[in-house]
Amino acid sequence: MKHRGYYGEFGGCYVPEILTSTIEQLDEAFCAARSDPAFWAEYVRIMGEYSCRPTPLTYAENLTRHFGGARIYIKREDLNHTGAHKANNVMGQGLLVRRMGKKRVIAETGAGQHGVATATMAARCGFSCTIYMGALDVMRQRPNVFWMERLGARVVAVNEGSRILKDAINEALRDWVTNMDDTHYVLGTACGPHPFPEMVAWFQSIIGREAREQIQRLTGSLPKRIYACVGGGSNACGIFLPFIDDDVELVGVEAGGRGVATGQHASRLSAPGAAVGVAQGYKTFFLQDGDGQMRETHSVAAGLDYVGVSPILADLHRQGRVRFESATDTEVVQALELTMRAEGLIPALESSHAFVQAFKEAPRMSPDESIIINQSGRGDKDIFTVADAFQDPAWRDFITDTARRYANA
Amino acid sequence: MKHRGYYGEFGGCYVPEILTSTIEQLDEAFCAARSDPAFWAEYVRIMGEYSCRPTPLTYAENLTRHFGGARIYIKREDLNHTGAHKANNVMGQGLLVRRMGKKRVIAETGAGQHGVATATMAARCGFSCTIYMGALDVMRQRPNVFWMERLGARVVAVNEGSRILKDAINEALRDWVTNMDDTHYVLGTACGPHPFPEMVAWFQSIIGREAREQIQRLTGSLPKRIYACVGGGSNACGIFLPFIDDDVELVGVEAGGRGVATGQHASRLSAPGAAVGVAQGYKTFFLQDGDGQMRETHSVAAGLDYVGVSPILADLHRQGRVRFESATDTEVVQALELTMRAEGLIPALESSHAFVQAFKEAPRMSPDESIIINQSGRGDKDIFTVADAFQDPAWRDFITDTARRYANA
Amino acid sequence: MLEHYLRERLREKGILLMTHIVLGYPDFETSMNIVASMVAAGVDMMELQIPFSEPIADGPVILHANQRSLAAGSSVRRCLDFGREAAARFPIPFLFMSYYNILYRFGVERFASVIKDSGLQGTIVPDLPPEEGAEYMQAMQKHGLNPIFIFSPASSEARLAYVASCARGFVYCVARKGVTGRETRFSDQMDAYLARCRRATNLPLAVGFGVKDRRDVDFLRGRADIAVIGSQTIRLVDEHGPGAVGDFIAGLR
Amino acid sequence: MLEHYLRERLREKGILLMTHIVLGYPDFETSMNIVASMVAAGVDMMELQIPFSEPIADGPVILHANQRSLAAGSSVRRCLDFGREAAARFPIPFLFMSYYNILYRFGVERFASVIKDSGLQGTIVPDLPPEEGAEYMQAMQKHGLNPIFIFSPASSEARLAYVASCARGFVYCVARKGVTGRETRFSDQMDAYLARCRRATNLPLAVGFGVKDRRDVDFLRGRADIAVIGSQTIRLVDEHGPGAVGDFIAGLR
Ligand SMILES: Cc1ncc(COP(=O)(O)O)c(C=O)c1O
Ligand SMILES: Cc1ncc(COP(=O)(O)O)c(C=O)c1O
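Chains as they are written, first to last, in the numbering used here: chain A, 12 to 420; chain B, 12 to 420; chain C, 24 to 276; chain D, 24 to 276.
With the rest of the complex left out, here is chain A:
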């Protein structure tokens, strides 16, 4: 490895010695791919023929009218095959896995989107596949677990630690240090040891590259601001980075959970609770105690419920290039409700965080200005969570009846 993936003081590659050569091999494969224009062309072709890229940039006429401020555009990553931006990263890494000649992939997943995307890629590419998922997330994202299994993946519920995303990453790393010869770890976000943050951000940059062209075509100019939710940070990096040299304000929205004051949240950059540390292979802001033990986090959105954050974003935060905000669970459900009714769009709970902040700011902006919200995924997967949030009685009855039918079968 020529460089170890530092962004300011963040990033690096803190892995057990046994992984060194594996990571080096990956880095080489990635560097070779990146400097080969045919690779990106092939990637774009596959994303066009298997998923539906370029995804549209939708003008949200009704929301724009509703808020009476900036013109609101929505980047439609929800239309990707498997329902989220995760497909981009996964298909890209799948191409690299082929180049490296490996036959098995593993992945962690929180919301289950990355797991479904990886299981899908594995089915398509003929790899065997194991997905690690915190036991808590297995419960709140059951439909995704079901589909992963149907796609042929083995899903391992992780009962260690807080039983959420970070614990799934640990388990995936444990698998990797054991099986790296034939196994590639398809990390799902722009975190982890170098070269993952750079690689994932590169694949996801397809979002921002498209959006940049689209908004200029539609409005004749660049947007004033761009909003993206931030779990690990991959969808945010993906849409932000191609605008990094432009006069465009970039806003990352983290999980405010039950409110940052309660401690039950996952706001690493927008709230004072986090500190710089090293875990899961990289250095960044982590929600941790004074001893360096990771704290429990909470978000209604399983995909944002994570202690760390992309080192690329940590650096952009420190530089002041990206502004970070947070949205509470309650605000998120409200924004979701409004978006469904006004535009017929069902953003994932994760993505709805970006909508919250955009909705707060749009009214104070001018109709001459436009903003882009990255709708990183669709909300179908969240039906159990959303039904609970809305306390839908018909849904409860339906589940109760189904359970009764199972009991009598």
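Accuracy of the hints is not assured; some may be wrong.
[To be verified] Using 25 Å as the maximum straight-line C-alpha spacing, the simulated SDA-like pairs for lysine to any residue come out as follows: (1) D:K165 x D:K235; (2) A:K113 x B:R76; (3) D:K165 x D:P114; (4) C:K139 x C:R191; (5) B:K114 x B:R76; (6) A:K113 x A:G137; (7) D:K165 x A:E20; (8) A:K113 x A:E39; (9) A:K114 x D:S141; (10) C:K165 x C:P227; (11) D:K165 x A:D302; (12) B:K371 x A:G137; (13) A:K114 x B:R76; (14) C:K139 x B:D302; (15) D:K139 x D:G65; (16) D:K139 x A:D302; (17) B:K235 x A:E60; (18) B:K114 x A:R76; (19) A:K113 x B:R352; (20) B:K114 x C:A177; (21) D:K139 x D:M55; (22) D:K36 x D:A273; (23) B:K235 x B:V259; (24) C:K139 x C:P153; (25) B:K113 x A:H77; (26) B:K113 x C:E180; (27) B:K235 x A:G59; (28) B:K235 x B:P374; (29) B:K371 x B:D258; (30) C:K235 x B:T189; (31) A:K114 x B:R352; (32) D:K235 x A:N190; (33) D:K235 x A:T189; (34) A:K113 x D:G65; (35) A:K371 x B:G163; (36) C:K165 x B:E20; (37) C:K36 x C:G264; (38) C:K165 x B:E53; (39) B:K113 x C:A177; (40) B:K113 x C:D104.
No lab work stands behind these hints, which were simulated from the structure alone.
Here the structure of chain A is known, so what remains is to put chains B, C and D with the ligands in place on it, guided by the hints.
What follows is chains B, C and D with the ligands alone, placed relative to chain A:
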């Protein structure tokens, strides 16, 4: 109305007198739109910016290898916003509703896809919306009901008749004859009184127009055969009609249910059980008894569980231009399983019917020949049905636990 | 001839009454008893509905009657026999009412021939507009039967004229939008509509959909020729049994 | 100096034993009792693991011990105090083992200073490769402590040489891929690997991951200098209580 929409002896416009002027107005609006090139251009633009058209034509490399015969291409209507081809028809009719100045839409739905699509269009266009759905379908497609309601639609469970799609159509017609002044009936398939079959087929022809261009670009020639499932017939008409003058064999696949010999099926053209009749506003083959009473139908796929069939297809059947086959529930689940594992695609149970027949025929074709399967929708909505078909114990436990949580709440 | 009969009767009574029943609901024996009571109470004409599984123009009351009759096993053959018997026993005109598929499956020409032979006067087919009815009209004409067509408040003058040109016997004016059985407000607006109907044809006008009591019938007197009582008698039978029908009819006029 | 101590001991014994415990598991008092038994049974050196919430290099046994210790409230401060007390009471060298974040949060220089002052000999930090360890190595060197680095079977010759160039005291050779606590096959392949390790450095070689009984230790004799017993003693304490540790250790050699 200049003509009354006959295709050979099928079609027509058999509606209560009170609807005559409404239908005339619709026909005029439709004819004006069709002869205005700007209308189609606007339609294509909206489908590009709000949904993700053109949807890809995906080469199914693994399935092709698996069967060792024809090259298999899959038209990806599952990638449409809301997850099925239904979006095409609905957005098109939405544009017409705007032209006619109406403020309310109603629709029937079987699988719930057309209901979700209509509710989505209504939210986007600012229409109020009521969806009629057979009570049996409300049960087997609960997730779609949930989303329709969240999108702001009123969903009415129809407890009349067989409590499935045909009964929902009747109820929608009853609403329409009552409220036609401000209400448009967004019929979801290429059935019903003229001009619906023609209009729905026209909007859906966007599928075939794209596919025709795509397959020629990808393979340099036309496909040998095209497969589509046939409920009412809209996705089949949509992909078939642009190839109608070509030397391409067109294959429609109906619901074979528990086997056509059992009588529990919905095969109107591929099996001898149906006869020509008039109901729900049009003349076609219906599954009916000697008195003309409609029979009960059955399919694992709610969207194919229908007594009638598009008059356009009935005519193409009689002409011998389209071949009709059927697929049983069991075959459908097997084809779905194979497709998930081989390609990472999750076709809707409806669409999986088309896959069944293609899988039967592909092995006997030559690798020089290519076929297209229309994947009319995605299977996420079918999770409850598919989980039951696979007898997934983890899913049962999950539902049971959720029900217990509700009971204790 | 039906039109002639109606004109004769109208000379005696200010307004005629046509009632509607669903054959085989709750069973055929009861159906016949209801016919007998209605005739005894002075009804001038009756619609006998042959049940159909998809009665799109009917509201909940008649819809359920259709479904229950079918569920109890009623067949088209049984309904035709019923019509023959009723026409033989009672001195008023009877019409069949059903949806087009029933006629179509039976064979339109054969259907006409059978009902003529049975002594009925015609048919009402609410989902068969005249444009689709060439074969039907021909068969009816051939057998000297009356194809009853429908005027609606949504019809233009041109449309009324066209429908009138196909009509025989009388014209059925639906009182409002919607399906059978819901409330109708008999108001000034109705007045204008009926005047338009009157201008469009010389045939007697029947008004149906929502006619339910003496006030409604009184409103129609002078404005139309025949008041049609549909769902209301079914409701009555459901709630108070077939015995209640006679008094109800007798009290309408 | 640690290396010197090890060489002295090696002159007396064919192979040395290093054991590993997780501090505060099941509690600090038991931890101290286990240390005492181990020392009494002749252990030559000990790793004291400061628990961390994300121990990615550890398998289920040590992972759970980490979690249980943290859940019981153990703190870094308490672990450091424990190390000081152990080093004062017992005549063998002690090392801290932990993940880098524990040192990083504490302050790497401060950490080195505290442990030096406490009488410990060095640290093992499995997620800190030498490339990321400049600050760490400097602090260790300044305080005369041993940063223990790791050889792995996947390392190239160049890599072994580079790691060796940063190592002090001894080198920890992980016996195989994977995390702690799983079975290891001590076979010919291992032979070749250890020969490569030997060629790469003159420092004593410790071998860990999966060493669990006398046969394993015997295999290592002559091929390596130190056998590391990790998860196996924790399993023993879990199943038979701290009392069983002494006999177990005594029987290994
Ligand atoms: C739809 C969606 N959006 C966002 C995220 C958060 O990940 P990231 O911050 O890497 O984009 C997830 C993670 O699962 C997700 O599923
Ligand atoms: C995914 C899907 N495919 C097919 C159908 C059948 O309809 P049609 O035959 O009109 O395409 C439906 C109906 O709901 C559907 O949801």
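Outcome of the hint check:
Of the supplied pair hints, the one linking K165 of chain D and K235 of chain D is violated, its CA atoms being roughly 36 Å apart against a limit of 25 Å. Between the alpha carbons of K113 of chain A and R76 of chain B the distance comes to roughly 21 Å, so the proposed pair stays at or under 25 Å and holds. For the hint linking K165 of chain D to P114 of chain D, the alpha-carbon distance of about 24 Å falls within 25 Å, and the restraint holds. Distance hint between K139 of chain C and R191 of chain C is fulfilled; the C-alpha atoms sit about 15 Å from each other, no more than 25 Å.
Under the criterion of a C-alpha separation no larger than 25 Å, the hint pairing K114 of chain B with R76 of chain B is inconsistent with the structure, at around 51 Å. Distance hint between K113 of chain A and G137 of chain A is fulfilled; the C-alpha atoms sit about 11 Å from each other, no more than 25 Å. Using a Cα cut-off of 25 Å, the hinted pair K165 of chain D and E20 of chain A holds, with the two alpha carbons roughly 23 Å apart. The suggested pairing of K113 of chain A with E39 of chain A holds, with an alpha-carbon distance near 15 Å, which does not exceed 25 Å.
Between the alpha carbons of K114 of chain A and S141 of chain D the distance comes to roughly 49 Å, so the proposed pair goes past 25 Å and is violated. This hinted pair checks out: K165 of chain C and P227 of chain C have alpha carbons roughly 22 Å apart, not beyond 25 Å. Our distance criterion of 25 Å between C-alpha atoms is met by K165 of chain D and D302 of chain A, whose separation comes to about 24 Å. A threshold of 25 Å between alpha carbons decides the hint, and for K371 of chain B with G137 of chain A the separation of about 23 Å falls inside it, so the pair holds.
As the CA atoms of K114 of chain A and R76 of chain B are separated by approximately 18 Å, the hinted pair is consistent with the 25 Å bound. Restraint check for K139 of chain C and D302 of chain B: satisfied, since their Cα atoms lie roughly 19 Å apart, inside the 25 Å limit. Among the hinted pairs, K139 of chain D with G65 of chain D is consistent with the structure: their alpha-carbon atoms are about 24 Å apart, no more than 25 Å. The suggested pairing of K139 of chain D with D302 of chain A holds, with an alpha-carbon distance near 19 Å, which does not exceed 25 Å.
Restraint check for K235 of chain B and E60 of chain A: the C-alpha separation of about 21 Å stays at or below 25 Å, so the hint holds. For a cut-off of 25 Å, the pair hint linking K114 of chain B to R76 of chain A stands: about 18 Å separates their Cα positions. Distance hint between K113 of chain A and R352 of chain B is fulfilled; the C-alpha atoms sit about 19 Å from each other, no more than 25 Å. The suggested pairing of K114 of chain B with A177 of chain C holds, with an alpha-carbon distance near 19 Å, which does not exceed 25 Å.
Using a Cα cut-off of 25 Å, the hinted pair K139 of chain D and M55 of chain D holds, with the two alpha carbons roughly 20 Å apart. Annotation: proposed proximity of K36 of chain D to A273 of chain D holds, straight-line Cα distance about 13 Å (limit 25 Å). A distance of roughly 5 Å separates the Cα atoms of K235 of chain B and V259 of chain B; the hinted pair therefore holds under the 25 Å criterion. At most 25 Å may separate the alpha-carbon atoms for a hinted pair to count; K139 of chain C and P153 of chain C meet this at roughly 21 Å.
Among the hinted pairs, K113 of chain B with H77 of chain A is consistent with the structure: their alpha-carbon atoms are about 21 Å apart, no more than 25 Å. Among the hinted pairs, K113 of chain B with E180 of chain C is consistent with the structure: their alpha-carbon atoms are about 23 Å apart, no more than 25 Å. Between K235 of chain B and G59 of chain A, the direct Cα distance comes to roughly 24 Å. Compliance with the 25 Å bound is thereby established for this hinted pair. Of the supplied pair hints, the one linking K235 of chain B and P374 of chain B holds, its CA atoms being roughly 13 Å apart against a limit of 25 Å.
A C-alpha spacing of about 21 Å is found between K371 of chain B and D258 of chain B, which places the hinted pair at or below 25 Å, so the restraint holds. A C-alpha spacing of about 19 Å is found between K235 of chain C and T189 of chain B, which places the hinted pair at or below 25 Å, so the restraint holds. With a C-alpha separation of about 15 Å, the suggested pair K114 of chain A and R352 of chain B falls inside the 25 Å cut-off, and the hint holds. Between K235 of chain D and N190 of chain A, the direct Cα distance comes to roughly 22 Å. Compliance with the 25 Å bound is thereby established for this hinted pair.
For the hint linking K235 of chain D to T189 of chain A, the alpha-carbon distance of about 19 Å falls within 25 Å, and the restraint holds. For the hint linking K113 of chain A to G65 of chain D, the alpha-carbon distance of about 46 Å lies beyond 25 Å, and the restraint is violated. Distance restraint check for K371 of chain A and G163 of chain B: the Cα-Cα separation of roughly 23 Å lies within the 25 Å cut-off, and the hinted pair is therefore satisfied. In summary, the hint linking K165 of chain C to E20 of chain B is supported, as the alpha carbons are separated by about 23 Å, within the 25 Å threshold.
A C-alpha spacing of about 28 Å is found between K36 of chain C and G264 of chain C, which places the hinted pair above 25 Å, so the restraint is violated. Straight-line distance between C-alpha atoms of K165 of chain C and E53 of chain B comes to about 52 Å, which puts the hinted pair past the 25 Å bound. With a CA separation close to 16 Å, the supplied pair K113 of chain B and A177 of chain C stays within the 25 Å bound. Restraint check for K113 of chain B and D104 of chain C: the C-alpha separation of about 47 Å exceeds 25 Å, so the hint is violated.
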